[in-house]
Amino acid sequence: MPSKHQWMLAVIATDRTFERAVRGGVACWVGKCIHCGGKLVLGADGTPISAATLEHIWPRTHGGLTELANLALACARCNRGKGVRHDVKHARDPRLLEIVAALRARRAERWRDPAEVGLADLVARLAPGAAADDDDEA
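98 is the number that the numbering used here gives to position 98 of the sequence shown; each next residue is one higher, with no gaps.
It should be emphasised that the hints constitute simulated quantities derived from the structure, not laboratory data.
Even glycine gets a Cβ: it sits at the ideal position worked out from N, Cα and C.
Heads up, some of the hints might be wrong.
[Said to hold, decoys possible] EDC-like cross-link-like pairs, simulated, lysine to aspartate or glutamate; straight-line CA separation at most 20 angstroms:
{"#": "1", "residue 1": "Lys32", "residue 2": "Glu19"}
{"#": "2", "residue 1": "Lys32", "residue 2": "Asp113"}
{"#": "3", "residue 1": "Lys32", "residue 2": "Glu109"}
{"#": "4", "residue 1": "Lys89", "residue 2": "Asp45"}
[Unchecked claim] Label pairs and their calculated CB-CB ranges:
{"#": "5", "residue 1": "Ala69", "residue 2": "Arg92", "range": "18 to 24 angstroms"}
{"#": "6", "residue 1": "Lys39", "residue 2": "Arg92", "range": "31 to 37 angstroms"}
{"#": "7", "residue 1": "Gly25", "residue 2": "Ala76", "range": "22 to 28 angstroms"}
{"#": "8", "residue 1": "Asp93", "residue 2": "Val22", "range": "41 to 47 angstroms"}
{"#": "9", "residue 1": "His90", "residue 2": "Glu116", "range": "35 to 41 angstroms"}
{"#": "10", "residue 1": "Arg77", "residue 2": "Glu116", "range": "16 to 22 angstroms"}
{"#": "11", "residue 1": "Val22", "residue 2": "Glu116", "range": "16 to 22 angstroms"}
{"#": "12", "residue 1": "Val84", "residue 2": "Asp121", "range": "34 to 40 angstroms"}
{"#": "13", "residue 1": "Ala69", "residue 2": "Gly38", "range": "22 to 28 angstroms"}
Using the sequences and the accompanying hints, generate a full structural model.
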């Protein structure tokens, strides 16, 4: 089963806001929260350095799968806010549907071919429907 950090790295590979960088002599990725656009920093292996979290665009509470098309990276504050305010609502709640549609559109706009950053093999290994390790992120 792929680890949470592997999924985070796969999201980085397919999100053009993330670029390779060196901070304090350490190789890392720097990109943007899917919600607020705030800066996120993750290690070269996908380990969060800042408060980056794995965001399930369609919430797991409503059957959202842990697969690349349903994942994005978000700051902890935004992810927690979405979970508390919206993920708990009924699956047909108009505001939840509006937020999910906006996040899907934003994710699609940011999409890049993982081969552009040399991570196509990693993304290919994460077969559709494979699940990440359980955690408390929505």
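- Item | Numbered hints the structure breaks, given as an ascending list | 4, 10
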